[in-house]
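Engineer: Single-letter residue listing:
Protein chains: 2
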Amino acid sequence: MRHYLIASFFALVSLGSAQAEDAFRDKAKGLFEPIPKTAPALPDNPSTPEKLLLGKMLYFEPRLSDHRDLACSTCHNLSMGGVDGGVLSGGHNAQLAGREVQTVLNAVFNKSQYWDGRATDLKDQVVNSVMANPKAMLKTRGGPMAINPAELAATKQHEIDQLKAVPQYVEAFKKAFPGEADPLVYDNIGRAIALFEATLITPDAPFDRWLTGDDAALDETQKAGLKLFVEKGCATCHNGVNIGGASYAKFGVVANPGPEHLPSEDAGRYGVTKDNADRYAFKVPSLRNVELTAPYFHTGSTFDLRKAVTVMAEAQLGQKLSDDETTKIVAFLKSLTGKQPEIVLPILPPRDR
Amino acid sequence: MRHYLIASFFALVSLGSAQAEDAFRDKAKGLFEPIPKTAPALPDNPSTPEKLLLGKMLYFEPRLSDHRDLACSTCHNLSMGGVDGGVLSGGHNAQLAGREVQTVLNAVFNKSQYWDGRATDLKDQVVNSVMANPKAMLKTRGGPMAINPAELAATKQHEIDQLKAVPQYVEAFKKAFPGEADPLVYDNIGRAIALFEATLITPDAPFDRWLTGDDAALDETQKAGLKLFVEKGCATCHNGVNIGGASYAKFGVVANPGPEHLPSEDAGRYGVTKDNADRYAFKVPSLRNVELTAPYFHTGSTFDLRKAVTVMAEAQLGQKLSDDETTKIVAFLKSLTGKQPEIVLPILPPRDR
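Protein chains in written order, with our numbering: chain F, 1 to 353; chain Z, 1 to 353.
Some clues are possibly wrong.
Far from chain Z, some chain F residues (derived; all Cβ distances over 12 Å) [stated by the list, open to error]:
(1) Asp84
(2) Asn128
(3) Pro257
Simulated crosslink set (DSBU-like; lysine-lysine; CA at most 35 Å straight-line) [said to hold, decoys possible]:
(4) F:Lys175 to Z:Lys307
(5) Z:Lys307 to Z:Lys232
(6) F:Lys250 to F:Lys37
(7) Z:Lys274 to F:Lys156
(8) Z:Lys174 to F:Lys156
(9) Z:Lys164 to F:Lys232
(10) Z:Lys164 to Z:Lys29
(11) Z:Lys174 to F:Lys339
Think of the hints as simulated: they come from the structure by calculation, not from any bench.
Built from N, CA and C at the ideal position, the CB exists for glycine as well.
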């Protein structure tokens with residue numbers, strides 16, 4: 001079905017008229033969807049103002065880490081496209097099977113979370129990340145972790161105890177989870193943060209405005225880039241609302257991109273499924289806001305979006321792009337930057353002593 | 001003069017009437033001033049919307065550190081009273097002459113910056129901190145640093161180069177510093193950030209509302225705490241608009257607080273002046289928002305405000321406080337928490353590639 005759409009897409013784009021533009025758009029609508037203007041509801045996690053406020057506070061709360069120095073917001077920086085700008089990037093830690101931070105922006109639209117999809121939804125991702133030892137997280141960047149469970153449990157109890165020493169948190173959990181005897185538990189931390197994260201969406205990207213009828217939202221270079229993006233095959237995986245995030249793909253379908261980008265010790269999705277078919281498969285990342293989320297790949301091995309595009313074209317599609325083609329595709333990718341969430345910093349409550 | 005005021009202060013507080021309350025307040029006004037409602041102007045650094053916006057962006061900009069992982073906001077967290085909640089506190093690093101992070105909130109009202117006063121104003125503090133190797137800063141927490149100047153210069157040029165690779169920054173510096181041939185330099189980074197920091201003030205604390213005429217803004221325990229705060233001698237140093245921040249004092253005037261709080265290897269202000277009279281003298285910290293700024297002392301050696309109060313009473317004043325007196329003084333100190341600045345996170349621009 002998708003391949004049929006892609007083929008017919010190009011029968012239409014060369015018409016060069018308003019009619020052709022509409023036909024071009026109709027076909028694009030078969031491949032892509034705009035980011036909705038409002039946050040989606042989460043199953044079994046209804047939104048209330050109290051839970052949302054708590055989730056925002058916890059997102060910025062360093063006391064959720066054992067040394068009180070790392071919050072969700074440290075690595076998923078909302079000033080920087082929901083990533084950390086490549087600090088301690090996987091490239092420096094390849095020996096630890098490190099993986100690059102993925103953006104929290106629009107993560108609610110991904111089919112699974114993490115590069116290997118080991119969390120099925122935001123709440124699972126939050127609990128997994130918060131329960132993990134953050135120092136280990138920093139070293140492994142979301143890759144497999146070897147943590148002593150006894151030590152971890154002690155640390156985690158310490159963190160819960162820290163929050164329980166803050167009267168405003170005790171009260172906030174009661175209000176966010178009314179009727180629960182002991183609401184200050186990790187699962188509820190996960191629910192509250194997931195609810196906040198589901199609001200971190202970026203509507204109104206130029207591409208979405210074009211997709212919904214504004215011809216002038218993309219310039220000619222960007223439109224040519226979109227055409228190439230589909231024609232070359234990028235949209236085979238990078239499609240849907242998140243232009244990715246919906247499937248897994250082997251990195252190096254056609255040609256191995258080399259150990260810089262794909263170190264052999266990290267077999268990706270295989271680590272989760274133990275299925276040989278998943279060796280070196282990774283979740284196809286969303287390309288939303290990609291100009292803000294360098295460095296690229298699960299290894300964070302390049303900050304250069306042009307380079308990332310050419311590596312992908314060669315490794316996944318066996319295509320050698322011209323400089324001009326790369327320029328156009330990059331111009332299109334920059335049209336995927338949406339309106340960033342406006343975040344007023346929460347004020348975190350002190351302990352009572 | 002101050003001592004005369006303190007003595008006459010207590011001749012009046014026991015009257016127990018509205019008249020007595022007014023007299024009590026008049027005397028308090030001789031010792032303290034409220035935080036103004038609007039940001040003060042900085043000498044030779046006029047405020048413009050463009051410079052202020054740039055300063056805010058740079059305050060949150062991790063690309064000002066050599067590993068792109070530390071911004072001003074990392075240690076001076078505006079969700080947490082302008083400090084970092086004690087991560088890597090001096091206590092862990094006493095062997096490095098470490099010093100605890102001081103709050104950026106109301107720092108514009110301090111007579112000098114840092115525990116040893118080595119920066120005369122916010123701009124000097126910014127340039128000093130940004131020019132310092134941030135990794136060294138983390139280890140020494142603002143204490144003396146031994147950095148290879150050649151290595152530092154190379155790192156710093158790298159950071160300027162990083163900002164120059166961001167077209168929006170090049171443009172923003174031009175707009176913030178019109179007419180300058182090469183505006184993207186460290187001194188201008190300092191000017192812009194200092195201007196933003198000068199807006200980080202916390203007016204409307206209960207104490208300030210009481211000071212300006214609202215009898216009900218303090219409860220009876222807090223008023224009794226204020227009385228004790230002056231009577232015991234705390235206000236001899238902790239006075240003025242910042243309830244501190246205006247002078248230096250030896251830590252351990254009456255009794256040495258012990259190596260936990262005052263490790264012998266950090267001689268404080270002496271390191272700046274080389275004057276023996278300044279051995280173990282530190283800038284008297286502001287007590288504004290003190291309930292938010294644990295841990296306390298230049299060593300960050302306690303998170304417990306009660307403990308900090310009792311240590312100070314013994315070391316500085318030779319006073320052994322009763323539990324009840326400590327409770328009252330702590331209640332008063334919590335009335336110094338003002339309205340925290342409402343900060344909308346800036347969106348930081350990407351590099352152009």
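Engineer: Does each hint hold? Answer for all of them.
Structural biologist: Structure-based check of each hint:
A Cβ of chain Z approaches the Cβ of F:Asp84 within 12 Å, the least distance being about 7 Å, so the stated non-interface status is violated. Interface exclusion of F:Asn128 from chain Z stands, the closest Cβ pair being 23 Å apart, more than 12 Å. Once the 12 Å rule is applied to beta carbons, F:Pro257 is consistent with being away from chain Z; the minimum gap is 19 Å. A threshold of 35 Å between alpha carbons decides the hint, and for F:Lys175 with Z:Lys307 the separation of about 32 Å falls inside it, so the pair holds.
Between Z:Lys307 and Z:Lys232 the alpha-carbon distance is near 16 Å, which keeps this suggested pair within the 35 Å criterion. Distance hint between F:Lys250 and F:Lys37 is fulfilled; the C-alpha atoms sit about 32 Å from each other, no more than 35 Å. At roughly 47 Å between alpha-carbon atoms, Z:Lys274 and F:Lys156 are farther apart than 35 Å, so this suggested pair is violated. Our distance criterion of 35 Å between C-alpha atoms is broken by Z:Lys174 and F:Lys156, whose separation comes to about 49 Å.
For the given pair, Z:Lys164 sits about 34 Å from F:Lys232 by alpha-carbon distance, which is consistent with the 35 Å threshold. Of the supplied pair hints, the one linking Z:Lys164 and Z:Lys29 is violated, its CA atoms being roughly 49 Å apart against a limit of 35 Å. Proximity of Z:Lys174 to F:Lys339 is assessed by CA-CA distance (about 25 Å); at most 35 Å being required, the pair is judged to hold.
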